[in-house]
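Chains as they are written, first to last, in our numbering: chain U, 53 to 398; chain S, 737 to 1165.
Hints listed in this document are in silico derivations from the structure and should not be mistaken for laboratory results.
Any given hint might turn out to be false.
Using 25 Å as the maximum straight-line C-alpha spacing, the simulated DSS-like pairs for lysine-lysine come out as follows [stated by the list, open to error]:
hint, chain 1, residue 1, chain 2, residue 2
1, U, K253, U, K123
2, U, K123, U, K255
3, S, K1034, U, K253
4, S, K872, S, K888
5, U, K255, S, K1034
6, S, K846, S, K888
Here are the computed distance ranges between Cβ atoms for each label pair [unchecked claim]:
hint, chain 1, residue 1, chain 2, residue 2, range
7, S, E1161, U, D125, 43 to 49 Å
8, U, Q202, S, R839, 49 to 55 Å
9, U, R352, S, R870, 41 to 47 Å
10, S, D984, U, E59, 32 to 38 Å
11, U, N137, S, I772, 50 to 56 Å
12, U, G372, S, T1027, 48 to 54 Å
13, S, S788, U, D174, 19 to 25 Å
14, U, P111, S, G757, 27 to 33 Å
15, U, D125, S, A1068, 52 to 58 Å
Okay, the calculated bits of chain S under chain U, using three or more residues with CB under 8 Å as the criterion [what the hints assert, rightly or not]:
hint, stretch
16, 955-961
17, 978-986
18, 998-1004
19, 1009-1018
20, 1032-1045
21, 1155-1162
For every residue, glycine included, the Cβ atom is placed at its ideal position computed from N, Cα and C.
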Amino acid sequence: MALLEVEDLRTYFYTEEGIVQAVDGVSFEVERGETLGLVGESGAGKSVAVKSLLGLIRPPGHVVDGSVRFKGDDLTEYSEAQLRNQVRGTEISVIFQDPMSALNPVFTVGTQISEIIEHHRDVTHEAAWSRAVELLDDVGIPDPAERADQYPHEFSGGMQQRALIAMALSCEPDLIIADEPTTALDVTIQAQILDLFDDIKTKYDTSMIYVTHDLGVVREVCDRVSVMYLGEIAESAPYEELYRNPKHPYTQALLRSTVSADRRTEDLDPIEGSMPSAIHPPSGCRYRTRCPVAFEDCSRGEPPRFDVGPDHDAACLHYGDGGDGDPKLHETGRPGTGVGGTGGDR
Amino acid sequence: MSSTVERRREDADQALLSVEGLKTHFPVNTGVLDSIKFDRSRDGLPFTVDDSSVKAVDGVNFDLHAGETLGVVGESGCGKSTLARTVVGLEDPTDGIIRFDGRDVTEFDKEDERWFRENVQMVFQDPMSSLNPRRKVGEIIADPLEAAGRPKEERESRAMELLEQVGLESDYYGRYPHEFSGGQRQRINLARALSINPDLVIADEPVSGLDMSVQAQILSLMNDLQDEYGLTYLFITHDLGVIRNMADRVAVMYVGDFVETGPTEQLFTEPHHPYTRSLLDAVPNPNPDTTGVVAELKGDVPSPTNPPSGCKFHTRCPAFVLPDGFTEEGYAEFAEFRDDVVARDLDADGSPEVVVESYFDRNLPGDARRAVLNAVEAAQKGEWNGALESLEAHESPCDSVKPELEQISGPTHHSACHLPADEREAFEW
C-alpha cells in the first residue's frame, strides 16, 4: 500500500460567476520515500490539489468528491479538529512559497518552531526549545542557538525558507508537501535549498509532494512527476521517462516551449493561446482547444489515462482504441529527445 | 518619424547608448536631520553625521549598439534594476556619463529631453501594477503618443494596429486591464512601449511573473518586434535561461559592478569569473543529460552599503587566491587581524608575541608571522599606516585590490577577476 493514495479528487469553488472546477478528478499515489512532482502552469490546480489533501480549502471551495487515503485512512472523512491535531504538522506538513508571509513576524523563530513541538508532543518547553535549535542546525542555519532568538525579519529570504523547513520537520512527518518553496529565491539560494531537501529526505526518511512550475527543479528533486492541466492530470511518469518520451501533446508542447540555459533555441516554439477558464472548461479533453493534433473524438468525454510505457500513463485519446498511438509532434526536433540530443546542442 | 535612425546609419560605429563610469548611490538617511546620530563617545559635540549610502550601481561601463540586445543578469539586490531606471532617467545618477546617440543626456535641453523620452521606452516586470486599472488599454497604449502631442485619430488607429501586432485583437481597445491575463497584460505593456517607435527599449524582468509557456510567447514576440522595428534592447533579468535565449551580449552584475561581460555563447560555454561559473552551476536544468545543480555559493549577497574590500565577490568566492603558505583558516585569522589594523583598534594588549598569540590559533608562514609582529609593534607605537604596509606583502589580491574588467579572450570578453585570463575551462553543461 502506498503512503498516500488520492483517488478521483474533485474540488470546486462555488463563486457568483459559476462553479470553478479547479481540481476535477485527480488521482495519484506517493510511495514511502518517494518524491512526487506536481507540475503545471498557474491555474492548473496544483496548489488547490495539495491544499485539498489537508482540508485547507475554505468556502466557497469544497472538496466535492474523491478520497485521500493516508496510511489507509481516508482524510476526507476526518473532522477539522482531527486534521489539526492528528495530521497537519505531525503526519503531513507543508512548506509554502512565500516564507515571509508563512512566518509570524511578532514571534521569534525558535518560539514558532517549539510551539509546534509542544502542541503535538508531550514535552517540556525546554526540551521543545532545544529540539528547535537542533532543527535549525539540521537545516544549515549558522549559530542556531542565537538565531532561534531572532525574529523572522532578521533572517534573509533563504534563511527564512530554511526556518520554514525546520518547522515542517519539527514533528518528523511522513510526508512533506512543498508548494513552490524556491520560486521566490535567487538561483544560488535555490541551489542551496535544493541541496538541503536532498539531505533531509535522506536523514528524516520522508516522502514529498513537490509543487512547481519549473521542470529544472523537478529534475533535481522528484522521482516521479504528474503534469496537470486545467484541474486534471495529463500525464504521469518517472521524470527521465517523461522528459525523454513525453506522450501527451501538452507535455510535449510544454517541454518544447521551456527556455533553458544549456542551449539557445533559435526559434522559440510557444504554446499558442492561454489556458481556458475552469468555470466552463472545454468538454472532453480540456487541452483540445489548444492541441495541434486534436481530432473529433477529443470533444466527447474525458480521455481516460492510458498506459503508454513503464510506469507511464497519458490521458490522450491518441493512445486509445480509436487513436493512432502516436501524436507526431517531434518534427521540430527538440534537443534532448532521442539519440544524440545531449546538452551540448546549440 | 525621428531622424536618429537615418543619422545612425551614416555613422554605424557609434553606439546608440553609451554608459561610462555610471554610479547611482542612495543615501541611507534622507535629509540632514535624519543623518545626525547621537554619539556620546565623541569629544566635543556628541553627534556624528552618518552619510553612508547604498551603492546600488557602482561604476558601470557599457556600449549598446543599434539592433543589439544586451542582457544584464544578477541576483536580487545586485543593482540591475537601478541601472535600468537610471539609464531611462527615473533615478538620478550620482556620477558618470550616459550618452544617447552620442550626446550626453545631462546636457539635454527641454526639446532634447522630449526627443530622448520618445526614443527610449521601458517595460516593467509587473504587468498589472504598470497599467492603470481605471483606463482603457487602448488609451494606455496611446499614452506616449498623447505626450508627444499626436492627434486623436492617429493615436486610436496606431493603438489598434499595435494591439494586433502584439497578438491581441483591435476591438480590445475599449477593455480594461483586469480583463486580461498576465501574459496579455505584458503584451499591452510592449504595445505601449512601441507605440512611439522608440529606438531603445529597456525591459526590466519582462517575463519573470509569467508561466513558462507564456514566457516563451512574450520572448518570441519580443524577438519578432526587434526584427521588424530594428529595436535595441537592454534586457534585465535574473533568469539565465531567458538571457541565453535573448541576448547577443551579456553583462553579469554583482553588488553594483559588472564582473564579466561578453558575447552570450562565449560567456555560457567558457565563463571566466568564478561568480559567473557559480551562477551557471546553480541553474536547474530540465535536461537529465546535463550536470545537475551544484550549490557552490554559500551565504547571501553582501550589503551594497558596505561592500567587501578588494573584489566584492571574495567573501563567497570558491576560487579565492590564498597567498603562499597560508591555509584557508589561517588566512581568515590574518584577515581579521588586518581588519582590526584598518579599524585602528587591536583586540589585545601586551607584548607583540602575546598579541599575535591571541589573534592566531593556527601556524602562520614564517615571514608572515614576522610581518604581523612588526605590524603589532608599529600599531602599538600608533604608526597604523606603517602597520598596514608591513602586512601588504602577505595579503591576497582578492580582498585588497579591486580587479578591473580585463580582456579574456577575443576583443569583447572581459572579466574582473585576479585569476589569470587563461584559467578558463569550458563549462560542462
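Evaluated hints:
For the suggested pair K253 (chain U) and K123 (chain U), the alpha carbons sit about 19 Å apart, so the restraint of at most 25 Å is met. Of the pairs offered as hints, the one joining K123 (chain U) and K255 (chain U) holds, with about 21 Å between alpha carbons and a cut-off of 25 Å not exceeded. With a CA separation close to 21 Å, the supplied pair K1034 (chain S) and K253 (chain U) stays within the 25 Å bound. Using a Cα cut-off of 25 Å, the hinted pair K872 (chain S) and K888 (chain S) holds, with the two alpha carbons roughly 15 Å apart.
A hinted pair counts as satisfied when its Cα atoms are at most 25 Å apart, and K255 (chain U) with K1034 (chain S) qualifies at roughly 21 Å. Restraint check for K846 (chain S) and K888 (chain S): the C-alpha separation of about 24 Å stays at or below 25 Å, so the hint holds. About 55 Å separates the C-beta atoms of E1161 (chain S) and D125 (chain U), a value inconsistent with the hinted range of 43 to 49 Å. A hinted range of 49 to 55 Å holds for the C-beta pair Q202 (chain U) and R839 (chain S), which are about 51 Å apart.
Under the hint 41 to 47 Å, the C-beta atoms of R352 (chain U) and R870 (chain S), about 44 Å apart, fit the expected range. Take D984 (chain S) and E59 (chain U): their Cβ atoms lie about 52 Å apart, and the range 32 to 38 Å is violated. Checked against the hint of 50 to 56 Å, the pair N137 (chain U) and I772 (chain S) passes, with Cβ atoms roughly 55 Å apart. Here the CB-CB span from G372 (chain U) to T1027 (chain S) is close to 39 Å, at odds with the stated 48 to 54 Å.
Separated by about 51 Å at the C-beta atoms, S788 (chain S) and D174 (chain U) break the suggested range of 19 to 25 Å. Roughly 59 Å separates the CB atoms of P111 (chain U) and G757 (chain S), a value that falls outside the hinted 27 to 33 Å. For D125 (chain U) paired with A1068 (chain S), a C-beta distance near 54 Å keeps the hint of 52 to 58 Å intact. For the stretch 955-961 of chain S, the assignment as covered by chain U holds, since 3 residues bring a beta-carbon within under 8 Å of that chain's beta-carbons and 3 suffice.
Under the rule that three or more residues need a Cβ within less than 8 Å of chain U, the assignment of the stretch 978-986 of chain S holds, with 4 such residues. Counting residues of the stretch 998-1004 of chain S whose CB lies closer than 8 Å to any CB of chain U gives 3, so the stated coverage by that chain holds, three being the minimum. Counting residues of the stretch 1009-1018 of chain S whose CB lies closer than 8 Å to any CB of chain U gives 5, so the stated coverage by that chain holds, three being the minimum. Remark: the stretch 1032-1045 of chain S is confirmed as covered by chain U, as 5 of its residues place a Cβ nearer than 8 Å to a Cβ of that chain, reaching the required three.
Note: the stretch 1155-1162 of chain S has 0 residues with beta-carbon separation from chain U under 8 Å; the three-residue rule is not met and the coverage is violated.
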